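Chains as they are written, first to last, in the numbering used here: chain U, 1 to 379; chain E, 380 to 821; chain X, 822 to 1097.
Calculated directly from the structure, the hints in this document are not laboratory data. Just so you know, these numbers come straight off a predicted model, no measurement behind them. Among the hints, erroneous ones may be present.
Claimed, not checked - Listing some non-contacts, in silico: residues in chain U with all C-beta distances to chain E over 12 angstroms: (1) E12; (2) I57; (3) A170; (4) M199; (5) A203; (6) I214; (7) W267; (8) A312; (9) S362.
As the list claims (entries may be wrong) - Chain E regions said to be covered by chain U (calculated; three or more residues, Cβ under 8 angstroms): (10) 468-475; (11) 745-758.
Quick reminder that beta carbons are idealized off the backbone N, C-alpha and C, glycines included.
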Amino acid sequence: MTAMQEMEGYYEERGKRARALHESGRKVIGYFCCYVPDEIIAAFDMVPYRIQGNQSIAIDEADAYIEPTACPFARSCFNLALRGEYDFLDGFVAPHSCDTLERMYHIWRHHKPSSFNHYINVPHMQGRSSETFYHEELRYFIECLEDWSGQKMENDKLREAVVLYNRRRAALRELYVLRKGDPSPVSGTEVTKVLVAGMGIPASEHIDLVEHFIAEVRSRPRPQRTGEPRIFVWGNEIDDVAFIRLIEESGAQVVVDDLCTGTRSFWDDVPETEDPLEGIVSRYMGTHCPRSNVPKTETREKDLEKRYGHIARFIGEWQANGAIFYIVRYCDTCELEGPDLREYLSGMGMPVLMIEDDYSISTIGQLRTRIQAFIEMIG
Amino acid sequence: MEEKNQIKTTAVKGTETARKVRGLVKNIYQAAHEAKEQGKKVAYFMVSSQYDEIVRAMDIVPVPTENYAGLCAAKRDMDRFLLKAEEDGYSQVLCSYARIGLGFDSMRRDLGGIPENAPDGGMPKPDMMLGSSAVCDPRFKWYQAAGRYLQVPTYSIDVVGPPPDADLVKVRDHYIRYQKEQLDGLIAFLEQQTGHKMDKERLWEAIRLSDKAWQLWYDIDRLRVAIPGPMPTQDHFSIMVAGHFYSGTQTAVDFYQALYDEVKYKVENKIGVVADEKYRLLYGGGLPPWHTLWIFNYFESFGSVFVIENVYRGYDPVEVPSHIKDPVEYLAWRAFLRFTQRHASARANSGNPTVERLLGMVEDYRIDGVVFHACRSCRAMTVGQIHLKTLLGQYTDIPMMQLISDMVDLRDYSEAQWKAQIGAFIESLVSRDARTTSLRDA
Amino acid sequence: MPFAGIDIGSTMTKVVIVGEKEDILSSVIGPTGAEHRHLAFQVVDAAVKKAGLVFESLDFVVATGYGRINVPFADKQITEITCHARGVRVLQPTVRTIIDIGGQDCKGIKLDRQGKVSNFVMNDKCAAGTGRFLEVIAEALGIELADMGELSLRAETYVKISNTCTVFAEHEVTSQLAEGAAIPEIVAGLHEAIAGRVVNMVRQLGIEKDVVVTGGGAKNIGLVRAIERKVGFPVILPPDPFLTGALGAALLGRDFFGRGMRRDHKRAMEGVTFFK
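Please work from the sequences and hints to get the whole structure.
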């Protein structure tokens, strides 16, 4: 079996590995989003599991518990929980990512509590006092895990976890660097599977798979140049290949992204500080997510540059010539952010397609025309 | 081609004092325009951000952008602003307050001045924008986005409160410390913008006035347990202006004193909102339907009065420990105590502080039914209502319903549908009443 | 050297055959049924025969529209956005903004000075702003869809319809009727509502002259007038507003041929044999 085939297995049968680990006695801690440090969970020898939704399953049961005008991704995740798909979780951790997840925590916790339930309050603002607050919240999180598990967390184990996860970040970065090729030897569809596979298995296993996959990709024959547009994707959770595949089937290649399931979650390393928690705090607080307010200090231009400079670098280095935004309907944060990012990218001469969708493959057909028309336009 | 005439959509108020609010609201924008002419600082301002007294003490005139959106809807002049925002690429499901605000700013920029016939003279261009993370995310993202129309200094603060399952002993210190530091940061910013230092005595004075006003407001609501109900919810949506937009001023204190006196009089003389009060309703939550506040009168036509609500007076008075001598620290403590007011009772009972508050209201105000308003474009006040209803339903069997529209966007409102729902709801109140009566008589 | 463009819309299938000099040799409009593929061939065949040609002589076939992926004998499938732009540009070279109001969706297309698509916007998520909206209300009012245009021109004032959700609007219309509003005023109000919604969507692109309106909406004079009021100046209507997509598709076929792309006749015939 190739590395990709193995990862496809994890992509298709989500939670299978985690469930097996849970049944073997390991503690599996489910969490949302980029603001819950995997390293802390791993330092307790527990298995972090990043909760996903399922775009192929209609959100039916969740409607009795949470309003349909809430983020469909969050609702889909909860829908799966109601169907028993997350029964293998020993712990459920939600950060304060946004209004909907904040409320989701309480609803989920009430109806489908795990043995351990915890809400991490993540500051919306940035700066010294915000870092201190987040640091305190993480310390409290650790204390609660200690109380529940009966084990004290050792700083050595946390340091080791940081090193391990940095290795995973490095492996993923190496994979992404391959995508700079023209054309990229690995498709966006494949990369999505790699990322999703990593959400539900221990980091060391994922590192192995990714490194093997990189070797496989390197041994592929050099593909022919096609002149197809190279697309940068922006958004939040893309844990299904449908959207990426649609772009690639329409005659383009997805070469790089700023998604919370993508570069946002792994691009920067955690500094390996003496007190590992300090490095963790500074790295996670530096996550480029629209839910975190970048203080405006000067002009509008400088504000946009501060917020999106990293995107300009990705686009430049990966030579993207088109940007597609995938905004989940009802996400106020991204709906307020999208037009700003579009302004910035348009200023760079980058064509932008802003899509608002329902996190469901049933609406994919409607997107087909938009995406294809965009690719025809920039092609 | 001309449009046919409009119908009345604003509510008839129960108290005289509430009718005076129109003047208070107009004055907010008038004061802002005057301030600009006089060279005083004007700031875009978010309600309920725990920073009102600071803004007042620095002599900054606030322009409450959310209130302006509600005002536009009440005057049914919100479409042009909503459409402008959508033209600029903002989604139709985005918070409609933000859409109106952004649409207004966009038009003002394009026109180089206030849009023609803007309600109450419109909002003047601010000297700064002050956002916060209190209540919801759009309240700091909005001003960040508005930066495309307004090149002015923008500052947002975090407002934090722990979840009900947190160990308050363990987290209190870092929450209060963070809150204080956030408020300190705001003060430093305002000192830089205004060129003068914060006068701590003035801040204390503003705090004292604000606490006094909110205490009076609480006392007024306690009077409303009376049967028949002396003051209805539609009045609350007006009189909250004093507590939220005049907080820290004598005006708010005077206003609530006058309202207190009036409500007391009504209670003593058993003067109710309607002649024949049949059902006492609780407005359980959700932003009001600013576009059609008349709907409260529609309920009244069936003898149903909304006697109390859980919306703008979000917390009861708290007592900050007397050893706190610094006013900013006081504000941080006050915020923490306000947000954790019902955490202990929640842990002992339903697990949800809002449910605790609502249950208290159901009992104290002898409530017959609960109505929630779900707004399509508001996540913060809407998501979780179903959950509240479910939890409440475990403790009380009074009828509950959720009306759906939007707080300002008329496109989400269907009067026909609402009337049908309300009719069915009233019937459930009637039949429950009949059942209870017959049980009692049996 | 004939080139065929086939536009499979939600309600109608349109075919245009153009010749070497971008001249229209023939055109046919037929209803779209559930069986796209079968019908697609029939309509193309009819158009081909109408031009005095045979199917096998086609040098390139481009399919567009909602059903474009269901045309096995097409050489390429291109979105209606690109096709409308190509077609309208030939009919009206000064066009910069296209407003297309179809049966189930509405679009705005912006062209640059060279006639290339520079931006576009679509609404296909709900009926508001489409022919379907008018259809539903026409039925509620007991009138013919085709008569709505003329009817609305009789009104001097219009009834404001606030709801753009078709279901809510239907309720609103029923209430208005009950309160004694006249049908022309209601229809005028609906046109105002649709025009407002469509123009607002297209404003996201920046509306520049010349503006061309295509699709079924262009056949409704009341709606067109309402659009002109919103836009602030007269708009241009192509002689055959239903055919611009198919025309563009055919012209694109000619472009592809000119660039050296060739039709795989064998594969195309395989796609057709099933239906012959």
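Evaluated hints:
Residue-level check passed: E12 (chain U) sits 31 angstroms from the nearest beta carbon of chain E, beyond 12 angstroms. No beta-carbon of chain E is positioned within 12 angstroms of the beta-carbon of I57 (chain U); the least distance is around 20 angstroms. With a minimum CB-CB distance of about 33 angstroms to chain E, A170 (chain U) clears the 12 angstroms threshold, and the non-interface call stands. With a least CB separation of 24 angstroms from chain E, M199 (chain U) remains clear of the 12 angstroms interface cut-off, as annotated.
A203 (chain U), annotated as away from the interface, keeps every beta carbon of chain E farther than 12 angstroms; the closest lies near 28 angstroms. Consistency note on I214 (chain U): stated as away from chain E, and its beta-carbon is indeed over 12 angstroms from all of that chain's, at 38 angstroms minimum. With a cut of 12 angstroms on Cβ distances, W267 (chain U) stays outside the contact zone with chain E, its closest approach being about 23 angstroms. With a least CB separation of 18 angstroms from chain E, A312 (chain U) remains clear of the 12 angstroms interface cut-off, as annotated.
The non-interface label for S362 (chain U) is consistent with chain E: the shortest C-beta to C-beta separation is roughly 18 angstroms, beyond 12 angstroms. Check on the region 468-475 of chain E: 6 of its residues sit with their Cβ under 8 angstroms from a Cβ of chain U, so the three-residue criterion for coverage holds. Counting residues of the region 745-758 of chain E whose CB lies closer than 8 angstroms to any CB of chain U gives 4, which reaches the minimum of 3, so the coverage claim holds.
Comparing the model with each earlier hint shows no violations; every hint is respected.
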